[in-house]
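*Asks:* Sequence:
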Amino acid sequence: MMLSSAPVIRRLPPSTGPGSCSLRFISTQTLSRTSRRPCKPVCFKENTPDRIDDATIGRPSDAMPNVSATPPRSYGLESGMSTAGLRSVNLGPVASVMYPILTYGTLGSAAAAILAPNAVGMFLFQNTALTAVHKMMIMCAGAALIPSVFAKRQIKRAADSGILASPTYKQMVSACLLNGVLGLVVLSQAVSLRNPLLAASVGGITALATLTTSYTLMKIRESGQLAPSTRGLLGGLMSLITPSNVIAAVYSVATIALSVVGVMMFTADPSTPSMLFILPKDPVFVFCSRIIGGATLANAVLLFTVKQAADDGRQGSPASRNITGGIASYAAITAGVLGYGLATGWAKSTPPVWGLCGVMVTTALLSGFNWATAPK
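Those letters in the sequence shown? Residues 5 to 380, per this note's numbering, in order.
Bear in mind the hints are in silico, worked out from the structure with no lab data behind them. It is possible that some hints are incorrect.
[Unchecked claim] Cut-off 30 Å, straight-line C-alpha distance, at most; resulting in silico cross-link-like pairs (DSBU-like, lysine-lysine):
(1) Lys-223 / Lys-285
(2) Lys-139 / Lys-352
(3) Lys-139 / Lys-285
These numbers come from a predicted model, not from an experiment.
Working from the sequences, and respecting the hints, build out all of it.
*Replies:* Set out below in structure tokens:
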């Protein structure tokens, strides 16, 4: 009986001719059929989105996206703003209770000062005869509080949305803190005007705003985010003088102008005559002037946040539009009060007064125009 011999496989020599590829392929297939064991089936591990980069690999096109890795989008989230690396800042009852109280308290104070300056003045400054100049200063002080109302509202919404640690909202918190600290400084200096009603009303809401915003910045720092620092201040100054487009350049000029006005009003010297009004400076005038100056400096910080948004082309975001609307209202009311003073003769017709009117009118027109026309 003859035994069948095993198949003999002869390896073909390498060739470079036109048929070399097909011959090599036939030889390889023959070897694999006779000597290679079958491969084990490959098992692919089901993809789990442990990382952001892997969250979309191997997922059906109709599957719902995983939104747990990013903060929820709400009205307060700015369009075009990256939320990468942001940690949620848990303010607890501060966001749900304190910020609404501050928002409506500041709104009520501003509305009362603008609509009823005589009643507010008689309530705060007891046993003091109020003049038309005092009433105009009280109205300007109320107008200067309007942007902080919008800022506190946006801070509360940002805390609810988990994006409070973004640079825009940190600057808003810093502006509200600056306003509160400067207000407490003015109250501590007004020795001759100090009375229980002034301390309980203005002092109470100012102290509450200072404590709340200080706590907010502390929680932002505890979450691992950078708090305002000297290095950040220098970077902000460089950004202020190097705008990236025309709109941002105009906002830079308006921010610098408001800063100059705020410093001049806050550092008003009682021993020198007023550059704005014909009456001499008395304690009520100096108090209102410094309150206006502190609020104007805070408004300059808020306007700077809009300038940075204009640098990135997101001046039409909800937060920026709200701050822009608040700045426009404040500047328009202040310009109207100064115009009334010029028309009635209570304000001096001097270059400082006309310059301040020009700054306020320009700021009101610019902010109002961008509020109405900014892309949403």
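*Asks:* Would the hint linking Lys-139 and Lys-285 be met if the CA-CA limit is 30 Å?
*Replies:* holds, 14 Å
*Asks:* When you check the alpha-carbon spacing of Lys-223 and Lys-285, does it fall within 30 Å?
*Replies:* With Cα atoms ~42 Å apart, Lys-223 and Lys-285 exceed 30 Å; violated.
*Asks:* Checking one constraint from the list: CA of Lys-139 to CA of Lys-352, max 30 Å. Satisfied?
*Replies:* holds, 16 Å
Going through the hint list in order, the structure does not satisfy hint 1, though it satisfies all others.
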